[in-house]
Amino acid sequence: MANLTLVQAINLALIQEMEKDDRVLILGEDVGRNGGVFRVTEGLHQRFGDARVVDTPLAESGIIGTAIGLAMGGLRPVPEIQFEGFLGPAYDQITTHAARFRTRTRGTLTCPLTIRVPVGGGIHAPELHSDSPESIYAHTPGLKVVMPSSPYDAKGLLISAIRDPDPVIFFEPKRIYRAFREEVPEDEYTVPIGEARVVTEGEEMTMISWGASVIQCMNAIEASGRSIELVDLRTIYPLDIETIARSVRKTGRAVIVHEAPKTCGLGAEIATLIMEHCFLQLEAPVQRVTGFDTVMPYYKLELEYLPDETRIGRAIEETAAY
Amino acid sequence: MANLTLVQAINLALIQEMEKDDRVLILGEDVGRNGGVFRVTEGLHQRFGDARVVDTPLAESGIIGTAIGLAMGGLRPVPEIQFEGFLGPAYDQITTHAARFRTRTRGTLTCPLTIRVPVGGGIHAPELHSDSPESIYAHTPGLKVVMPSSPYDAKGLLISAIRDPDPVIFFEPKRIYRAFREEVPEDEYTVPIGEARVVTEGEEMTMISWGASVIQCMNAIEASGRSIELVDLRTIYPLDIETIARSVRKTGRAVIVHEAPKTCGLGAEIATLIMEHCFLQLEAPVQRVTGFDTVMPYYKLELEYLPDETRIGRAIEETAAY
Amino acid sequence: MPVKTVYNTAIESVSILDEHGNFDAKLGKGLIPDKDVVKLYEHMCVCRHLDEVAFKLQRSGRMGTYPENRGQEATSLGAAYVLKPQDWLVTCYRENAGLFWRGLPMESILLHWMGDERGNAIPAGLNVTPIAIPIGTQMLHATGLGWSMKYRGEDGVACTFFGDGATSEGDFHEAANFAANLDLPVIFFCQNNGWAISVPSRIQCSAPTLAQRGIAYGMDTIQVDGNDLFAVVYAMKAAVKRARTHHRPTFIEAVTYRLGDHTTADDARRYRDPAEVESWQHKDPILRLRAYLEGKKLWNGAKQEAIEAHAKETISAVVKRAEDIDAPSNVDFFDSMYVTMPADLRVQRDTMRTSSLGQNPAELQGAPQPAAAHVAR
Amino acid sequence: MPVKTVYNTAIESVSILDEHGNFDAKLGKGLIPDKDVVKLYEHMCVCRHLDEVAFKLQRSGRMGTYPENRGQEATSLGAAYVLKPQDWLVTCYRENAGLFWRGLPMESILLHWMGDERGNAIPAGLNVTPIAIPIGTQMLHATGLGWSMKYRGEDGVACTFFGDGATSEGDFHEAANFAANLDLPVIFFCQNNGWAISVPSRIQCSAPTLAQRGIAYGMDTIQVDGNDLFAVVYAMKAAVKRARTHHRPTFIEAVTYRLGDHTTADDARRYRDPAEVESWQHKDPILRLRAYLEGKKLWNGAKQEAIEAHAKETISAVVKRAEDIDAPSNVDFFDSMYVTMPADLRVQRDTMRTSSLGQNPAELQGAPQPAAAHVAR
Ligand SMILES: Cc1ncc(C[n+]2csc(CCOP(=O)(O)OP(=O)(O)O)c2C)c(N)n1
Ligand SMILES: Cc1ncc(C[n+]2csc(CCOP(=O)(O)OP(=O)(O)O)c2C)c(N)n1
Ligand SMILES: [Mg+2]
Ligand SMILES: [Mg+2]
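Protein chains in written order, with the numbering used here: chain A, 1 to 322; chain B, 1 to 322; chain C, 1 to 377; chain D, 1 to 377.
Hints are computed from structural coordinates only; laboratory data are not their basis. This one's a predicted model, so the numbers in the text were calculated from it and none came from an experiment. Don't take every hint at face value.
What the hints assert, rightly or not - If you want a taste of the chain A side facing chain B, the calculated C-beta under 8 angstroms gives, among others:
1) Asp92
2) Thr96
3) Arg100
4) Leu128
5) Ala138
6) His139
7) Pro141
8) Tyr237
9) Thr263
10) Leu266
11) Glu269
12) Ala271
13) Met275
14) Glu276
15) Phe279
16) Pro285
Note that CB positions come from ideal geometry on N, CA and C, so glycine has one too.
Just chain A, same shape as in the assembly (with noise of 0.2 angstroms):
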């Protein structure tokens, strides 16, 4: 056991799967000899070389493209995309073809890559550099879509991932990189794709949330003092509806929290399928507590537009009330 941070842990799960593993590769902007703008692939240039820590030209198509390609041709790349906001060149490339050469070719030529991305706001960072764009990942079927919340998820999310035979996108939430520590063990492990995590128990009502907005919930609750189940997702896609279902078949009451915009946000497919599983035992509306719905303010406002504890324990309040 050690006691990592985030960025840590995720930099274990790489040197720890390129062991094992050679055919796993890094490609992306400055993840050689700096280690990555985070630091996030620090270290892993000099251990394991020029071939497999490659530095690439700026260009995120490119980096997903290539990516792509060498998936096909039987490696397990791990490609990086140095924020969130730059994952638009790669659109393309990620929904036309990473999303559908399995599909396409019944099963002949695979892509199992692990897109790392950075992502989500709160670190005062320029313009681009703090969205949530999760959304668009979930509604683009093919792709599995992965956000952990703490080092110990990150690890074992992580090593799923690049294992896993289809293209996965691993959100890294930037704003807690370095937040807290978590006992990780040193060995290797998994966290499944597709499980939610009940983070705490509780009885007045479900609250669901993924990434950094996880801690932001934990507050909230804490300050409200209420009996409240926390549901951390860690898989965006495919959605473990059946833990959450379960628990607001219990509570009655949901609220979700995510810092993507709220118009057709995740927030919108959760609050539905529990509408959809949950009609009869639901007793308020389900709240969503969100990113507005414009572009993320420049640093001076980003915390007025991020979910912060008294907007979370707002909905707390309105959702016990209805």
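Following the hints, complete the assembly by docking chains B, C and D with the ligands onto the known chain A.
This is chains B, C and D with the ligands only, laid out in the frame that chain A set:
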């Protein structure tokens, strides 16, 4: 009045706006002498010449990126993307720039452009010619998204879109480009962006759809023999929740029909909004009849994928029986 | 020296067998053994026949949109002839001749255009990718495939085909730039057939040659007569050697022409001068090769009749196989999405004919089962 | 002729005032009047001071990430000097000197990096675009802006700035290709400063020059010493003339160097050889221009002191303005989204502090108002 197909109505709107306002120009692949692969721009090159109807290099990011520059330079470009499947390469320019320039510059540089895109399945086309990405763009703050389901609305909405000071994605349901004709005034008129249309009034339940699916819904409603209120969104964003909520408060039941995959489709947003606005009036869970969470199959099976009368009919009965 | 020349270069264009029957003996010597020329010619005849049949299938409503290959057979065939089995051929959609030469079953291509994914299943060990519908995106996959072989220390090469139009897409640029800067064994084979649907190639590239695209990357680059099988083989041999030996990419511009419409959904008379089409009819790679073989007494009318009969027989069997295949099961499109089907997707699949949204009504907690009458409908 | 040369070209590199003080009198003659050289030099001094102050503001926690411009002042300034007011300057983020020369208030740039969109408001009539954060995307806007001026029959030019890294993005390729093939008045100004964060420029372009990117488009292209204000002005004058007169684009590669870290979030010692940095210190465009002016007796120690005092005063007033600005209202970010705010967005805005998701609780039909205690929280 003329009896026009949807293609002809759009063509007429383009001609009239170009006659009226010489800032309006058309750019895209094959839009010139060829009149577009669907002949939507037929005759325009001949009429308005090389400078105003421009065949560009084959590059969608280039088309949208230069259109952004044209718009910031004071013009009213109407770029065409040949099929919705080829919006992918332009995704970054649309979401990172077209959607953001107004707020990024506090209104000093703006993007009054109208992106025309044929959308949806049902025409036996090859791969990537039959998708429905509307929720992706509805999730992108800063855009307006429109999708008419009739010639009359198509003309009126397109004129509104071209005159709109903000960027509009104008989705054209290609399945009904020539499926039927409708009386369309020859004079110019507008259909406001942001207003849904109640197609048929009814008491038992509300059905919400848009684009080509509206026709399927009409047929299913007729086949059901029930009194169903059909709402055609016409505008995807900003969504006219008032019209929907007014109807559902009356009927207590709702079915949403769309071609896009279920997970994180627009249906989820509408279902959630209905829950938020009409919770106490809802007598059954809002039903979704959608494409499946798979890649749209090649055309031998596309009709299995698309919501049809049978599936919609079944949702009507399930919802009524609830 | 305040103004100094820091770089200079030239583009060369190669032709070996021209449309008038001239054959450059020096460059052409030993390039393709006679018996192979005959085989390649015969293959082109069979491919041409398939092309004509496919066109008719579409016209008679038995197939969806189809892109004629007519006039462009020499390019992909010449490339495929030079490639070894371990190499990858990453094509667009007008490379039937090359794909069939490598061993792709002909009915696969028909199935594809008949709207059936089963046409995209790749036989084991055949290093080709399926038809690429989105223009300009597949070159990146070739770059990655070339890289994967270099990574493993194998000496394979990835050769990717694309049109003049495709060179306008950003992905082309990124693929070429990655290959050049990371030293990857990739061949960028551009079929400049003069048109991208209705848009002439000068709108894609107003420079004197498309070949000079390669200069931007410091890549070896060459122009060839794309209707000249010998010139194509000549350029490919050099490119393959460069890739295998030095892991360096090459750009090949093959100047050719699309004799037919863009696809069966197109009507090229709307935008092309018939005189232009006419002038290219004479440059047809098949006519040219036949004249060459006849000149060398390697071919005659009887052989021609024989190959035409063979083509007819072969292709009608191919069509029969493509048309006789069972209809796909209506849940077919769920089954290859993931190795392990997510639970919700399985529900959608298993109930797609019995429930409105592919959701098991029993799952709707407390929802009554729909009345039997409705289920039966 | 079976192998014929179909194209040839060369890239020239221009230097007028080199780092040793050599001045090419022929090329340099009449290029910039002396009094302008003085003004330009003074401007560079002020910009350098702002750069240093901005760096310190970040280090002391008074500003977010900031990208130092140090060492690259001559490029954007030379370009801005040649442009006319009707022209557009479409920059990236290391072009303070050019933007300020055109009239952008200095506090705008500080506000931007202080995380305040108000720094992006463009004063009326000033044809510049805001700082571009996503690499390689802004060139397309320049292409469109150039096109808009041509469309209206105006003789304006759009000049866009980007780095060596940016030339790897597909959008660069598309922008250059559109400009070349549609004959647009655009200048593609590449600041090759050797690095894209930690990645050396040979990974972006392994060809001998970046200038040869332009050859792919049949575009006039030139390399200049980017730390030589005269060479920049020389190349810009030719490019502007070509654009205004013939609507033809130009590619300019300016060879320069990023003396500082990539941004304040970067530590270049992790990946750069200090000797390399050291060697470029001597090529600093400011040192070079000062020596030139002193040689011509146009400058001396007293003037230097005066400009430094002036810079200090100017910049401290600028910092004060940037820091003294009122905090933005907390709903500020809603207000410029659309000309007419959609109804739901207005609800989100108006209730963002009183309701959980910016949704008016009264809107939740039948929902009781939250207890006052909670609202007050
Ligand atoms: C990304 C993308 N944009 C547009 C299209 C529509 N389209 C199909 S083929 C074609 C022209 C292709 O021209 P070229 O690359 O020269 O190939 P050719 O058909 O001439 O062989 C276009 C525009 C597409 N399939 N993909
Ligand atoms: C599309 C995109 N990808 C990645 C980044 C992260 N990033 C910011 S600056 C930079 C390097 C840019 O290098 P270059 O174009 O040479 O400009 P320079 O900073 O050297 O002036 C990178 C990778 C980004 N901002 N945008
Ligand atoms: Mg072509
Ligand atoms: Mg640089």
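Status of each hint after checking the structure:
no., hint, result
1, Asp92, "holds (3 angstroms)"
2, Thr96, "holds (5 angstroms)"
3, Arg100, "holds (5 angstroms)"
4, Leu128, "holds (7 angstroms)"
5, Ala138, "holds (5 angstroms)"
6, His139, "holds (4 angstroms)"
7, Pro141, "holds (5 angstroms)"
8, Tyr237, "holds (7 angstroms)"
9, Thr263, "holds (6 angstroms)"
10, Leu266, "holds (6 angstroms)"
11, Glu269, "holds (4 angstroms)"
12, Ala271, "holds (4 angstroms)"
13, Met275, "holds (5 angstroms)"
14, Glu276, "holds (5 angstroms)"
15, Phe279, "holds (4 angstroms)"
16, Pro285, "holds (4 angstroms)"
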